[in-house]
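Q: Kindly generate the complete structure, drawing on both the sequences and the hints.
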Amino acid sequence: MDTRIEFGIVDGIATVTLVNPAKLNAVNAAMWRGLRDTMRRIAGDDCVRCVVLRGAGEEAFAAGGDIEEFLTVRATVDDALHYHDELVANALDAVRDCAVPTIAAIRGACIGGGLEIAGCCDIRIAGESSRFGAPINRLGFSMYPGEMAGLLALVGPAVVLEILLEGRILNAREALQKGLLSRVVDDEKVFEEVAACAARICAGAPLVARWHKQWVKRLMSGAPLSDAEKRAAFDFLATDDYREGIAAFLGKRKPVFRGR
Amino acid sequence: MDTRIEFGIVDGIATVTLVNPAKLNAVNAAMWRGLRDTMRRIAGDDCVRCVVLRGAGEEAFAAGGDIEEFLTVRATVDDALHYHDELVANALDAVRDCAVPTIAAIRGACIGGGLEIAGCCDIRIAGESSRFGAPINRLGFSMYPGEMAGLLALVGPAVVLEILLEGRILNAREALQKGLLSRVVDDEKVFEEVAACAARICAGAPLVARWHKQWVKRLMSGAPLSDAEKRAAFDFLATDDYREGIAAFLGKRKPVFRGR
Amino acid sequence: MDTRIEFGIVDGIATVTLVNPAKLNAVNAAMWRGLRDTMRRIAGDDCVRCVVLRGAGEEAFAAGGDIEEFLTVRATVDDALHYHDELVANALDAVRDCAVPTIAAIRGACIGGGLEIAGCCDIRIAGESSRFGAPINRLGFSMYPGEMAGLLALVGPAVVLEILLEGRILNAREALQKGLLSRVVDDEKVFEEVAACAARICAGAPLVARWHKQWVKRLMSGAPLSDAEKRAAFDFLATDDYREGIAAFLGKRKPVFRGR
Numbered sequence: 001m002d003t004r005i006e007f008g009i010v011d012g013i014a015t016v017t018l019v020n021p022a023k024l025n026a027v028n029a030a031m032w033r034g035l036r037d038t039m040r041r042i043a044g045d046d047c048v049r050c051v052v053l054r055g056a057g058e059e060a061f062a063a064g065g066d067i068e069e070f071l072t073v074r075a076t077v078d079d080a081l082h083y084h085d086e087l088v089a090n091a092l093d094a095v096r097d098c099a100v101p102t103i104a105a106i107r108g109a110c111i112g113g114g115l116e117i118a119g120c121c122d123i124r125i126a127g128e129s130s131r132f133g134a135p136i137n138r139l140g141f142s143m144y145p146g147e148m149a150g151l152l153a154l155v156g157p158a159v160v161l162e163i164l165l166e167g168r169i170l171n172a173r174e175a176l177q178k179g180l181l182s183r184v185v186d187d188e189k190v191f192e193e194v195a196a197c198a199a200r201i202c203a204g205a206p207l208v209a210r211w212h213k214q215w216v217k218r219l220m221s222g223a224p225l226s227d228a229e230k231r232a233a234f235d236f237l238a239t240d241d242y243r244e245g246i247a248a249f250l251g252k253r254k255p256v257f258r259g260r
Numbered sequence: 001m002d003t004r005i006e007f008g009i010v011d012g013i014a015t016v017t018l019v020n021p022a023k024l025n026a027v028n029a030a031m032w033r034g035l036r037d038t039m040r041r042i043a044g045d046d047c048v049r050c051v052v053l054r055g056a057g058e059e060a061f062a063a064g065g066d067i068e069e070f071l072t073v074r075a076t077v078d079d080a081l082h083y084h085d086e087l088v089a090n091a092l093d094a095v096r097d098c099a100v101p102t103i104a105a106i107r108g109a110c111i112g113g114g115l116e117i118a119g120c121c122d123i124r125i126a127g128e129s130s131r132f133g134a135p136i137n138r139l140g141f142s143m144y145p146g147e148m149a150g151l152l153a154l155v156g157p158a159v160v161l162e163i164l165l166e167g168r169i170l171n172a173r174e175a176l177q178k179g180l181l182s183r184v185v186d187d188e189k190v191f192e193e194v195a196a197c198a199a200r201i202c203a204g205a206p207l208v209a210r211w212h213k214q215w216v217k218r219l220m221s222g223a224p225l226s227d228a229e230k231r232a233a234f235d236f237l238a239t240d241d242y243r244e245g246i247a248a249f250l251g252k253r254k255p256v257f258r259g260r
Numbered sequence: 001m002d003t004r005i006e007f008g009i010v011d012g013i014a015t016v017t018l019v020n021p022a023k024l025n026a027v028n029a030a031m032w033r034g035l036r037d038t039m040r041r042i043a044g045d046d047c048v049r050c051v052v053l054r055g056a057g058e059e060a061f062a063a064g065g066d067i068e069e070f071l072t073v074r075a076t077v078d079d080a081l082h083y084h085d086e087l088v089a090n091a092l093d094a095v096r097d098c099a100v101p102t103i104a105a106i107r108g109a110c111i112g113g114g115l116e117i118a119g120c121c122d123i124r125i126a127g128e129s130s131r132f133g134a135p136i137n138r139l140g141f142s143m144y145p146g147e148m149a150g151l152l153a154l155v156g157p158a159v160v161l162e163i164l165l166e167g168r169i170l171n172a173r174e175a176l177q178k179g180l181l182s183r184v185v186d187d188e189k190v191f192e193e194v195a196a197c198a199a200r201i202c203a204g205a206p207l208v209a210r211w212h213k214q215w216v217k218r219l220m221s222g223a224p225l226s227d228a229e230k231r232a233a234f235d236f237l238a239t240d241d242y243r244e245g246i247a248a249f250l251g252k253r254k255p256v257f258r259g260r
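Chains as they are written, first to last, in the working numbering: chain A, 1 to 260; chain B, 1 to 260; chain C, 1 to 260.
Hints should not be assumed to be uniformly reliable.
Note that the list lumps identical chains together, so a pair holds whenever it fits in one copy or between two copies.
Below, a list of computed lysine to aspartate or glutamate pairs in the EDC-like style, where the Cα atoms sit at most 20 Å apart [stated by the list, open to error]:
1. Lys230 to Asp93
2. Lys217 to Glu86
3. Lys230 to Asp46
4. Lys23 to Asp240
5. Lys217 to Asp97
The hints are simulated quantities; they were obtained by calculation from the structure and are not laboratory data.
A: The structure is reproduced here in structure tokens:
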């Protein structure tokens, strides 16, 4: 079976592709492990400025987990813990913890595990005919709590529960209205808009993007900032990129950032 | 006066109806007590798979509290504490804590206490001409903090304050846009859509619905999951319904769940 | 240079105007100090029932900070701490902590510091052609975490990160959809709608508005209410305005509140 996580970097933009063409890119155990490890590897690569996550082809981002596999890989509580905590939840955390900006490029089905992955990205750009949900109430099992964090942070408990309790499939406009998506464009323009979004991110200072992710995450913890943290918030003052950014603004020209 | 909480169960779907036809279903002290006790009773009934909350008739969900009654039932701080904490806040908590999915079916006025009740349900389906607000700034009193929790969890502090400070009545489209509603349909289709929603909920495994509500609530507390809780998240593995759900999926047929 | 914070009170409505016509009302250090001190002064004035924050003219609410000034006023970490913590963050906190309702009246550019100020108001009313963002990733610096609190409370981490990472300028409809705005009206109707909103606020009991702001803020802290706080929630029972509000309701006339 041709199932894998594809990975490539072009001009500082990493693309991570979920590949399982026979099952609308349903994510199996090997792919969850691959996604986890790939995202962790990106964390250590200073050349990457932005990550695009997508499904192979145009039919699906990912249509959920691989149900057939459940009979073997999560037959016992220990197996299920390994599958959902070690593989799935850790893969999702690796997406959420990614130091650089992440964009989910969504065409077609974005269901179950696919929705969980998209919900852990920073920006979600979807086509008009894409669809969203997690109809596992009809499969007789509940979502692992460790997999809910990204969706809860994104849309809050009411929307998460609406999706889980009803098991309904939402269209792109509904998903946008409920805060699940950053924007919706024509199907054939999804990758164009994702490229434009990535270009906007890459036109900014790379360290600034990392700091913004870091500080927002830090603030969400709720604890007040220490004096040392307040001072660290001005680390940009010592960077070449800050001088370049201000000089370019005052000179009315485009800045050229080098990430230092 | 014909004021009461009606209650009935048909095919696992409980319907709780606010009845006060002379006052657009305004909720008085006896009705708050009835709502509290009814919701608590449902908590102990394993036959119920879904609860629909609605107002009697088509003119109102509930137009608020019963203002005339305030002169007698909450004249002192002790009386007010009994009314708002023992009756209202506990009734709202009983709705929020309901173990099975709850749907608010909203036609017409959904004001004050009515809005508080709807905000504590899992799903809110409203008609195009329904209207929302809590214009108590013009009555000279503030909302009891213990009654705000559901609305704050649903839409956050900014929308709650906009409603309370301005005292404006919102139409259904505004309420949807602000996250107060799950969806809006034509007035005459509200109960049809609520029935379809309840049917979707009842087509899922009953235990799964209860687990989803339980885990989302647990995660909102913020504390990390213990190892025992992580294992408990896989209690579904031991259920007949899980085996049925997977078998039905693989057999491309509809599952029949029995709640065990 | 004509840069200042204008301040005036008419009929209990205070208007705070950001004035820097040469730079689309960009907020400089002196203006941040002025905003902070003005908002703190309002806190002690019992005559004020509502505060409107706006930019001078019709071109901008505020187009950000004053970039040129950065070369001198925040050249070192100590200077930056003074600028962003003592001036900016404290000014924003003074807006958020304002005891009476605040309305941002937004025409044109609402960028960077301007967006931060608007995000700390209770209600945001904007014109169709207004625009929103914080494209500082292209200036090579990150937003001070102490300035993010209002926006995070308003729209959550996903929308804040989308704005910061991409540095894109949003139009009014997108800003509304993402929860950044309370409502959008035709450009030429912004101040009319703000006046109507302020009139609705002023038609309510002044103490009730203050209590609503206080209790929502208190609940967002997460700690359970003490018995003393629960009793304090009924302080309205002892006010003239409560008696007036109920009497007017029962007498089917407009109440006249005196703030006591």
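Q: Now, for every hint given, state plainly whether the structure supports it.
A: Structure-based check of each hint:
1. For the homomeric pair lysine 230 and aspartate 93, the shortest alpha-carbon distance between copies (16 Å) is at most 20 Å, but the shortest distance inside one copy (26 Å) is not.
2. When the C-alpha separation of lysine 217 and glutamate 86 is checked against a cutoff of 20 Å, the pair qualifies neither within a copy, at 22 Å, nor between copies, at 23 Å.
3. For a Cα distance limit of 20 Å, the shortest separation of lysine 230 from aspartate 46 qualifies neither inside one copy, at 25 Å, nor across copies, at 35 Å.
4. Neither within a single protomer nor between protomers do lysine 23 and aspartate 240 lie at most 20 Å apart by alpha-carbon distance, with minima of 48 Å and 26 Å respectively.
5. Only within a single protomer do lysine 217 and aspartate 97 lie at most 20 Å apart by alpha-carbon distance; the minimum there is 9 Å, versus 24 Å between protomers.
Hint compliance for this structure: hints 2, 3, 4 are not met, and every other hint is.
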